[in-house]
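Please work from the sequences and hints to get the whole structure.
There are 2 protein chains.
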Amino acid sequence: MTFRLYYWPTIPGRGEFVRLALEAAGADYVDVGRTQGASAVAEMINRGMHFAPPILENDYESVSHVAHILAWLSYPLDLAPPNERDFRRMEQLQLTVTDFVAEIHDVHHPLGPTVYYEDIVDVAQSGARAFLHDRLPAFLAYFERTLQENPYGSDWLVGDGCTTLDLSLFQVMRGLRYAFPNAMRLMTTPWLNELALRVAQRRRIRSYLDSDRRIAFNNDGIFRHYPELDEQV
Amino acid sequence: MTFRLYYWPTIPGRGEFVRLALEAAGADYVDVGRTQGASAVAEMINRGMHFAPPILENDYESVSHVAHILAWLSYPLDLAPPNERDFRRMEQLQLTVTDFVAEIHDVHHPLGPTVYYEDIVDVAQSGARAFLHDRLPAFLAYFERTLQENPYGSDWLVGDGCTTLDLSLFQVMRGLRYAFPNAMRLMTTPWLNELALRVAQRRRIRSYLDSDRRIAFNNDGIFRHYPELDEQV
Numbered sequence: 001m002t003f004r005l006y007y008w009p010t011i012p013g014r015g016e017f018v019r020l021a022l023e024a025a026g027a028d029y030v031d032v033g034r035t036q037g038a039s040a041v042a043e044m045i046n047r048g049m050h051f052a053p054p055i056l057e058n059d060y061e062s063v064s065h066v067a068h069i070l071a072w073l074s075y076p077l078d079l080a081p082p083n084e085r086d087f088r089r090m091e092q093l094q095l096t097v098t099d100f101v102a103e104i105h106d107v108h109h110p111l112g113p114t115v116y117y118e119d120i121v122d123v124a125q126s127g128a129r130a131f132l133h134d135r136l137p138a139f140l141a142y143f144e145r146t147l148q149e150n151p152y153g154s155d156w157l158v159g160d161g162c163t164t165l166d167l168s169l170f171q172v173m174r175g176l177r178y179a180f181p182n183a184m185r186l187m188t189t190p191w192l193n194e195l196a197l198r199v200a201q202r203r204r205i206r207s208y209l210d211s212d213r214r215i216a217f218n219n220d221g222i223f224r225h226y227p228e229l230d231e232q233v
Numbered sequence: 001m002t003f004r005l006y007y008w009p010t011i012p013g014r015g016e017f018v019r020l021a022l023e024a025a026g027a028d029y030v031d032v033g034r035t036q037g038a039s040a041v042a043e044m045i046n047r048g049m050h051f052a053p054p055i056l057e058n059d060y061e062s063v064s065h066v067a068h069i070l071a072w073l074s075y076p077l078d079l080a081p082p083n084e085r086d087f088r089r090m091e092q093l094q095l096t097v098t099d100f101v102a103e104i105h106d107v108h109h110p111l112g113p114t115v116y117y118e119d120i121v122d123v124a125q126s127g128a129r130a131f132l133h134d135r136l137p138a139f140l141a142y143f144e145r146t147l148q149e150n151p152y153g154s155d156w157l158v159g160d161g162c163t164t165l166d167l168s169l170f171q172v173m174r175g176l177r178y179a180f181p182n183a184m185r186l187m188t189t190p191w192l193n194e195l196a197l198r199v200a201q202r203r204r205i206r207s208y209l210d211s212d213r214r215i216a217f218n219n220d221g222i223f224r225h226y227p228e229l230d231e232q233v
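Protein sequence lines correspond, in order, to chains A and B. Taking UniProt numbering, the leading residue of the first sequence gets 1, the next gets one more, and so forth. Taking UniProt numbering, the leading residue of the second sequence gets 1, the next gets one more, and so forth.
Since the hints were derived computationally from the structure, they do not count as laboratory data. Hints are not guaranteed to be accurate.
[As the list claims (entries may be wrong)] Listed below are several chain B residues computed to face chain A (Cβ distance under 10 Å; list not exhaustive): (1) E91; (2) L93; (3) R185; (4) L186; (5) M187.
All figures in this text were calculated on a predicted structure; none of them were measured in a lab. We put the beta carbon where it would ideally sit given N, CA and C, even for glycine.
Given below as structure tokens:
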């Protein structure tokens, strides 16, 4: 069955968390934004069923919100832990990723999504300082600890196999290193580094990352590299 | 079975979405923060399993994130739609509530949770203007439309009975009217107003709202009334 992904075509953004799951499983999908343009994504939103992209559909259902899409996909794509309790733990940790990603985004958009970064660089610098000092280390320490304390071993965050959550953490680590290379050099995250490497070495992920389907990080997405925001630690 | 809720004792905050579900169902629960103090909540966080409160536990499981807790609770508390597809739609809409609540919170905390409002009132005023002009009407219109287009009728957001999602929208509408009374007077939300009234009139909710278990909105929570932020529309 073919999935249809609706997401903006020029940024990895939140859509990338979904793409990584589809790619890791070799699922059949059409990236609607990239094949039919941003207007096809805008039209989907205008239909009113979903508040924002990414949206993933198959012939039976239409689903939005990254954490929710991944929970929906993870079983059929064989990227979920086998028992229900671990599945719920995975969903829960994915919601912590959602919060983390929102805070990363807000570093360059402190006054909401409608006020341009260029108009509020000074404000963003104060926010970046607070984020890099307090929140970034707190979130990273939390996920480090989650890896270390996984009763099945520290290869993956939940259970003993790769899940959609591990793929998301890979993307977060890559994004943070793109956006805040200086600040990230000061963070000690040996377990997360290993996890990111483990994900990158998966056969299908490796070939995806080398393909033109992978969209490079850029300064229109969630993870943006503004040197003036990375010098505050 | 008794549930234990871990949340800060002096604000409704995100814990209130969980309290409303427990109260609506007449569930047996202990509000740990209010009976044992904030230090008991802090200790729970320090154990490292959850990143932030609210946390809800029973004897078998310990769960965090409002949307996740409500999905977990809704079936046993008989506050879920009966079929799986509608259940997933409810979960998804609850995640839109999560995003909405985060944006409401960020109006008074534009630079993240660690920078005090009092230090950045001017910045917050610009953000409030953007929120009240663009985002507030967009979110409200989305939920209005969701109510109008519910194929089971417009009494509830999903399915033909009250779910945890309806309880959350009740709290959001009450909170918005507390925080932004002027701005809210300009919003046209007949369906949401009816929904909020319908929730408030439920027997158990009515008696909860009259009890001292209900914590009043105040300026330490998510929904804060700063008149200088409400005059920007």
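Tested hints:
no. : hint : result
1   : E91  : 6 Å, holds
2   : L93  : 9 Å, holds
3   : R185 : 22 Å, violated
4   : L186 : 18 Å, violated
5   : M187 : 17 Å, violated
Of the hints listed earlier, those the structure fails to meet are numbers 3, 4 and 5, in rising order.
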